[in-house]
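Undergrad: In the order they appear, the protein sequences are chains A and B. Its first residue numbered 0, the first sequence is counted upward by one per residue in numbering that gives the first Met the number 0. Its first residue numbered 0, the second sequence is counted upward by one per residue in numbering that gives the first Met the number 0.
In short, the hints are calculated from the structure, not lab data. Please note: incorrect hints may appear among the correct ones.
Intra- or inter-copy, both count: the list cannot distinguish identical chains.
Taking lysine to any residue pairs in the SDA-like style, the calculated list, with each CA pair at most 20 Å apart, reads [claimed, not checked]: (1) 1 <-> 42; (2) 328 <-> 85; (3) 270 <-> 198; (4) 272 <-> 203; (5) 83 <-> 57; (6) 328 <-> 237; (7) 145 <-> 297; (8) 145 <-> 298; (9) 55 <-> 85; (10) 328 <-> 262; (11) 145 <-> 292; (12) 117 <-> 179; (13) 145 <-> 209; (14) 272 <-> 200; (15) 47 <-> 186; (16) 1 <-> 26; (17) 175 <-> 163.
In this text the structure is predicted, and so the values were computed from the model without any measurement.
2 protein chains.
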Amino acid sequence: MKIGILGATGEVGRQFQICLNERVSGIEELRLFASPRSEGQVMEFQGKQCVVQTVKEGCFDGLDYVLGSVSNGLSKQYRPMIEKSGAVYIDNSSAFRLDPDVPLVVPEINGEDALKHKGVIANPNCSTIITYMAVAAIHQKLSPIKKVIASTYQAVSGAGAGGPIELHDQVLAIEKGEAVEPKVFSAQIAYNCIPLIGSINDNLYSTEEMKLQNEGRKIMHAPELLATCTCVRVPVYRSHSISAVIITEEPVSIEAAEEAIASFPGTVLLKDKLPMPLDSSDQDLVYVGRIRRDLTDPNGLVVWCCGDQIRKGAAANAVQILEYLEAHK
Amino acid sequence: MKIGILGATGEVGRQFQICLNERVSGIEELRLFASPRSEGQVMEFQGKQCVVQTVKEGCFDGLDYVLGSVSNGLSKQYRPMIEKSGAVYIDNSSAFRLDPDVPLVVPEINGEDALKHKGVIANPNCSTIITYMAVAAIHQKLSPIKKVIASTYQAVSGAGAGGPIELHDQVLAIEKGEAVEPKVFSAQIAYNCIPLIGSINDNLYSTEEMKLQNEGRKIMHAPELLATCTCVRVPVYRSHSISAVIITEEPVSIEAAEEAIASFPGTVLLKDKLPMPLDSSDQDLVYVGRIRRDLTDPNGLVVWCCGDQIRKGAAANAVQILEYLEAHK
Chain A
0 MKIGILGATG EVGRQFQICL NERVSGIEEL RLFASPRSEG QVMEFQGKQC
50 VVQTVKEGCF DGLDYVLGSV SNGLSKQYRP MIEKSGAVYI DNSSAFRLDP
100 DVPLVVPEIN GEDALKHKGV IANPNCSTII TYMAVAAIHQ KLSPIKKVIA
150 STYQAVSGAG AGGPIELHDQ VLAIEKGEAV EPKVFSAQIA YNCIPLIGSI
200 NDNLYSTEEM KLQNEGRKIM HAPELLATCT CVRVPVYRSH SISAVIITEE
250 PVSIEAAEEA IASFPGTVLL KDKLPMPLDS SDQDLVYVGR IRRDLTDPNG
300 LVVWCCGDQI RKGAAANAVQ ILEYLEAHK
Chain B
0 MKIGILGATG EVGRQFQICL NERVSGIEEL RLFASPRSEG QVMEFQGKQC
50 VVQTVKEGCF DGLDYVLGSV SNGLSKQYRP MIEKSGAVYI DNSSAFRLDP
100 DVPLVVPEIN GEDALKHKGV IANPNCSTII TYMAVAAIHQ KLSPIKKVIA
150 STYQAVSGAG AGGPIELHDQ VLAIEKGEAV EPKVFSAQIA YNCIPLIGSI
200 NDNLYSTEEM KLQNEGRKIM HAPELLATCT CVRVPVYRSH SISAVIITEE
250 PVSIEAAEEA IASFPGTVLL KDKLPMPLDS SDQDLVYVGR IRRDLTDPNG
300 LVVWCCGDQI RKGAAANAVQ ILEYLEAHK
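Model the full structure from these sequences, guided by the hints.
TA: Laid out in structure tokens, this is it:
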């Protein structure tokens with residue numbers, strides 16, 4: 000198998016390499032692409048030296064898959080070249096997520112959609128993946144989910160490699176009594192919560208918040224799903240957490256929900272422990288717990304979940320899509 | 000006016016003194032009470048030295064008000080002595096909050112309830128005060144609130160003086176590569192979120208979470224109000240934040256909600272800025288923003304609010320109750 004990584008030196012790009020190494024065997028060639036700034040950088044993969052190259056005409060030729068984590072603009076720019084090469088493009092940007100010709104896939108939820116691809120498969124938003132991984136079992140096995148009301152607790156690494164550096168620098172600056180100058184985030188993130196991620200749409204929701212409804216409908220095969228979300232950045236290095244209320248068509252008991260979640264692939268139900276971002280980091284499972292009845296709606300359930308947004312929320316999910324395609328060849 | 004403070008050396012006890020100094024004039028005597036551990040400690044108030052004493056028979060005699068921030072057990076133990084002294088007891092514990100003979104008061108929302116007191120007035124839970132301060136204007140001026148769905152982002156100082164020390168110690172330990180040993184919190188709080196505050200009830204909600212419904216009904220004069228809450232501790236030193244959806248009897252426009260909130264005493268509507276815990280600390284106003292339509296319910300509005308839980312969520316609110324009683328003598 001020959002694989003290319005687009006955006007290889009970024010936060011998700013490096014995680015693609017870690018996940019491929021851990022999860023996929025038989026990789027014959029790994030070709031790394033990044034911006035001219037990183038050209039010539041040498042990265043090691045499975046004992047081999049890979050030299051980072053820039054995107055040039057024909058650079059994707061001969062590849063089976065390209066895993067991408069670049070901006071929407073670059074993703075749109077490179078897509079025709081990847082398609083021409085015949086490689087399947089698994090794209091972590093949001094450029095094509097809502098394109099009806101592009102499957103939007105979380106393998107445990109709608110893996111079969113990946114098989115209908117026409118060259119491009121989109122990887123969903125990180126919080127969206129983690130939220131629906133936690134509750135898809137209820138939707139698929141017990142009763143369809145009609146509504147989701149969610150508040151997120153999103154880690155700084157969701158903002159790219161600069162996020163954790165900024166949090167750490169600010170903590171040190173505060174320790175020394177020095178002034179804090181936000182660059183990556185719109186305000187100090189150390190010891191603070193910033194209730195806005197992305198830019199604000201006409202309906203006053205942020206781009207990040209709308210993904211829970213727009214992408215959720217497509218992943219869950221629920222075109223009428225309603226989802227309201229408040230996305231908040233918190234001073235956590237890694238793993239996003241989501242506090243969610245889900246309203247199902249018919250009432251679902253806590254016991255049935257727990258059983259469904261516990262037996263769903265990729266999720267771990269915690270009963271005597273609390274799902275916490277610190278524990279769910281650096282691995283691919285979504286931790287779910289604190290399941291209880293919504294006191295405001297007889298058809299509602301309240302859920303708390305955490306997952307590593309760079310792994311299951313991005314790189315691992317993309318690699319799982321590749322694995323799914325390989326397994327269903 | 001002669002005032003006693005019960006639990007004078009604690010986090011809220013010290014804030015009582017700051018708020019009294021800032022907000023109340025004509026204090027003739029301040030008598031400070033704490034545990035034997037703090038006996039003899041000298042604290043300065045308005046240029047006078049106050050020696051901390053323990054509670055003894057007759058110690059409240061001659062006082063007009065006692066502001067209390069002690070455990071429920073001690074509050075129950077001391078109440079008869081305070082009542083006997085004739086002082087009005089404004090209690091920050093949760094011992095009497097749901098007692099039908101004890102008003103539960105947020106002065107801006109239901110100040111008039113304080114006037115019906117029989118010697119004891121209860122100060123509500125911190126997150127409860129901040130949440131309802133943010134939305135009471137909608138309930139009272141526009142349309143009654145039927146349901147609240149909330150997720151909290153609660154500061155470590157809500158766990159008492161040990162909370163901020165633990166967060167700071169953990170940050171320093173991590174910096175040095177040392178092991179973190181949680182004491183105040185059930186897990187590491189530095190760079191983490193802990194989705195449980197208080198103990199868990201039979202319905203699987205925590206004691207802290209149930210306060211939003213139980214205390215909310217009483218404060219808002221809405222005995223049928225339904226509220227579902229998830230309380231989460233975050234690595235923020237001070238000020239609680241709440242992400243809330245409110246469902247009103249009739250639809251309320253964003254514009255009407257914003258106008259009502261902006262003109263409500265004690266709240267600040269932020270339009271071009273984000274309410275953040277760092278900004279709402281060390282003052283008495285509740286910051287409200289990001290108001291938008293709930294996408295799952297035509298009668299729903301989504302709100303984000305922050306407030307200093309030691310001030311408006313505890314000490315300042317108690318002092319405001321005292322001010323209200325004085326103003327309505």
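Undergrad: Next, verify each hint and record whether it holds.
TA: Comparing the hints with the structure gives:
1. 1 <-> 42: Within one copy only: 16 Å inside a chain, 73 Å across chains, cut-off 20 Å.
2. 328 <-> 85: within (15 Å within a copy, 84 Å between copies)
3. 270 <-> 198: Between copies only: 15 Å across, 37 Å inside.
4. 272 <-> 203: Only across copies: residue 272 and residue 203 sit 13 Å apart there, 36 Å inside one copy, limit 20 Å.
5. 83 <-> 57: within (9 Å within a copy, 90 Å between copies)
6. 328 <-> 237: Neither: 34 Å inside a chain and 55 Å across chains, both beyond 20 Å.
7. 145 <-> 297: both (13 Å within a copy, 14 Å between copies)
8. 145 <-> 298: Result: close both inside a copy and across copies, 10 Å intra and 16 Å inter.
9. 55 <-> 85: within (16 Å within a copy, 86 Å between copies)
10. 328 <-> 262: neither (26 Å within a copy, 64 Å between copies)
11. 145 <-> 292: So residue 145 and residue 292 pass the 20 Å test inside a copy (16 Å) and across (17 Å) alike.
12. 117 <-> 179: neither (48 Å within a copy, 50 Å between copies)
13. 145 <-> 209: within (16 Å within a copy, 25 Å between copies)
14. 272 <-> 200: between (38 Å within a copy, 16 Å between copies)
15. 47 <-> 186: Answer is neither: 42 Å inside a copy and 40 Å across each miss the 20 Å cutoff.
16. 1 <-> 26: Intra 6 Å, inter 80 Å, cutoff 20 Å: intra-copy only.
17. 175 <-> 163: Close inside one copy (19 Å) and across copies (17 Å); limit 20 Å.
Hint compliance for this structure: hints 6, 10, 12, 15 are not met, and every other hint is.
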